[in-house]
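Model the placement of chain R on the given structure of chain A, informed by the hints.
These protein sequence lines are chains A and R, in that order. Just add 759 to the spot in the first sequence (first one is 1) and you have our numbering. Just add 759 to the spot in the second sequence (first one is 1) and you have our numbering.
It is worth saying that the hints were derived from the structure and are not from the lab. C-beta atoms are modelled at their ideal positions from N, C-alpha and C, and glycine is treated no differently. Don't take every hint at face value.
Listed next, the in silico DSS-like pairs over lysine-lysine satisfying Cα-Cα at most 30 Å (straight line) [claimed, not checked]:
(1) K980/R to K941/A
(2) K941/R to K980/A
(3) K1044/A to K980/A
(4) K766/A to K888/A
Listed next, with one range per pair, are the computed distances between beta-carbon atoms [to be verified]:
(5) E1052/A to E918/R: 42 to 50 Å
(6) T803/A to D951/R: 36 to 44 Å
(7) D951/A to S796/R: 41 to 49 Å
(8) D848/R to I974/A: 45 to 53 Å
(9) D951/A to E916/R: 37 to 45 Å
(10) T1047/A to E916/R: 38 to 46 Å
(11) R820/R to K1044/A: 39 to 47 Å
(12) E918/R to L1048/A: 28 to 36 Å
(13) D951/R to D951/A: 46 to 54 Å
(14) L1050/R to E916/A: 40 to 48 Å
(15) L1048/A to R929/R: 52 to 60 Å
(16) E953/A to I974/R: 33 to 41 Å
(17) K1044/A to K933/R: 37 to 45 Å
There are 2 protein chains.
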Amino acid sequence: MNRITEKLLAAVSNWTGVPRNAAYNIREDGQCAGRQSTAHIRITSKTDKPGIDITVAPGTRGEQVYIPACVTHSAENDLVYNDFYIGEDADVTIVAGCGVHSDGEGEARHNGVHRFFLKKGARVRYLEKHIGTGGGTGARVIDPVTEVEQAEGSTMEMETTQIGGVDSTRRTMKAVLAAGAKLRVRERILTDGEQRAETDFVVELNGNDCGCDLISRSVAKGQSHQAFRSLIRGNCRCTGHSECDAIIIGNGTVNAAPELGANHADAALIHEAAIGKIAGEQILKLCTLGLTEEEAEAKIVEGFLR
Amino acid sequence: MNRITEKLLAAVSNWTGVPRNAAYNIREDGQCAGRQSTAHIRITSKTDKPGIDITVAPGTRGEQVYIPACVTHSAENDLVYNDFYIGEDADVTIVAGCGVHSDGEGEARHNGVHRFFLKKGARVRYLEKHIGTGGGTGARVIDPVTEVEQAEGSTMEMETTQIGGVDSTRRTMKAVLAAGAKLRVRERILTDGEQRAETDFVVELNGNDCGCDLISRSVAKGQSHQAFRSLIRGNCRCTGHSECDAIIIGNGTVNAAPELGANHADAALIHEAAIGKIAGEQILKLCTLGLTEEEAEAKIVEGFLR
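Okay, chain A solo, but in the shape it has when bound (with noise of 0.2 Å):
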């Protein structure tokens, strides 16, 4: 493993050596640069594709699963796919942190395709945090595809996190809720300079009592520019909730554009989003209290994408 995996390492998934009890695969430029199984989770190769298969046995309790991904140099276009077959009523963490170091002029790219099955109650945490580092003029680009397949009663919560050095993502999210299945998504995404960010996410509501509830929050600053489409479908009884804040700083822009498609008198579906800068009265507030205006301004993007 190098120098420069383990930095993005420990920024993606707070990686500090390999954990005792944790399953875990880290990718290294398209490489498997460690692997662990548990007496519960199984991580296999695929035979067909790049990518790993992440098997968790019914019943699995509080164990966690460490899957991140690193590109470490320029012209490196890796693709992967990743399959997470949770049984029922497990209950499971998975950390699949993305860090991409740009060195050169070429292009420091990477692709994952996660694809989660949950069965019959089960339960995950699934953790995403995506950086982008190095000096090199060639672009880091993270485009995330995350399908869902959630069984009755599963639950799934999702916390992605793009906090700075991507210049360009799409984020794609499919989502698929059987009866009583619940769905959580927390987004947080920070640009600046002239990076873009694309997020879409589509969610079929399709068995009775099945819930999701999607937060978007993000913060554009310089030139950069987000996008955030999301399209919740309540086909049965049904509850959706979406919400998507911006804070826009300098020349930033951002587009939020949630779309609620209620098929079913029984579908109750809610969607919210306020875009502007912040509030001169909350800048002064922290400035009055000894903080210069750029430190209020830091504090307060701090806490609107914690």
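Frame of chain A; chain R shown alone:
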């Protein structure tokens, strides 16, 4: 003027005979069935296409203009272009209802393209009511297009209502606002049976301190379908708000897609949407007051669309 027109006029514009001091133009099956100009409001026929020019003199205060249009039989496809030129600091009310009556198998259709040019400080209250009547199997179709150009400090208030009988409608509105201009839109739509209603708003907020407020309320009963789309673009220091709330009854379906585009750090944009059925407890409450379940539902819908 035929009997059907008289009935339609009463329904769409509270017409009770020729108004004494108001300007008016009545359109019946593609023809002019009556017209009156006033000292300050001139109505003239277009020479290049069907329709009229309505010119309101600068400083005109508290006057009304009635321009209802009726289609009174099937197999009629009426298309009209009406342009409104509102002089500086004028303050007028325009009533532009539209009634479509179908008695046979052919489609009865009215397409009105209304363009508004508001000069500096002008203020318009624009009321538009749409209705379909008659026992014919031919579809009643109304596809209104509204285009608004608002100069500095002008105000446009638009109230548009479609309460029943229109089988298909596609409502398109575009507005461009200069500095300090205000746009306020209230839309109320009820569909039933196999009816379809689509709404498309595009608002460009171009001048500092301009603002818009779009509120759409809809009730979809039977097998009917409604789709609401809006796009508010904040290109300067401005405020934009859109809200679309819908009640579903029976097998009605509703799609809401309000989009916000913040292209400036001082653009403050907000939207909200909520779709669902009437809460059981609301019905129950009215039933304990002696109403039947159907009466309670009708009461709630009436309040919601008021």
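> Does the Cβ-Cβ separation between E918/R and L1048/A fall within 28 to 36 Å?
Replying inline: For E918/R and L1048/A the Cβ distance comes to about 48 Å; the hint is violated.
> Between D951/R and D951/A, does the C-beta distance stay in 46 to 54 Å?
Replying inline: 51 Å, holds
>> Please verify whether K766/A and K888/A have alpha carbons no more than 30 Å apart.
In response: 14 Å, holds
>> Does K980/A sit within 30 Å of K1044/A, going by the straight-line distance between their CA atoms?
In response: 22 Å, holds
>> Tell me if the beta carbons of D951/A and E916/R are separated by a distance inside 37 to 45 Å.
In response: 41 Å, holds
> Holds or violated: are the alpha carbons of K941/R and K980/A at most 30 Å from each other?
Replying inline: 29 Å, holds
>> Against the range 52 to 60 Å, how does the distance between the Cβ atoms of L1048/A and R929/R compare: consistent or not?
In response: 54 Å, holds
> Between E953/A and I974/R, is the Cβ distance one that fits in 33 to 41 Å?
Replying inline: Roughly 37 Å apart at Cβ, these two residues keep to the hinted range, so it holds.
> Does the Cβ-Cβ separation between D951/A and S796/R fall within 41 to 49 Å?
Replying inline: For D951/A and S796/R the Cβ distance comes to about 59 Å; the hint is violated.
>> The hint says 38 to 46 Å between T1047/A and E916/R; measuring C-beta to C-beta, is that right?
In response: Holds, since T1047/A and E916/R (Cβ atoms, about 41 Å apart) stay within the stated range.
> Range hint 42 to 50 Å: satisfied by the CB atoms of E1052/A and E918/R?
Replying inline: 44 Å, holds
> K1044/A and K933/R, beta-carbon distance inside 37 to 45 Å?
Replying inline: This hint holds: roughly 40 Å between Cβ atoms.
In this structure, the hints that do not hold are numbers 6, 7, 12, in rising order.
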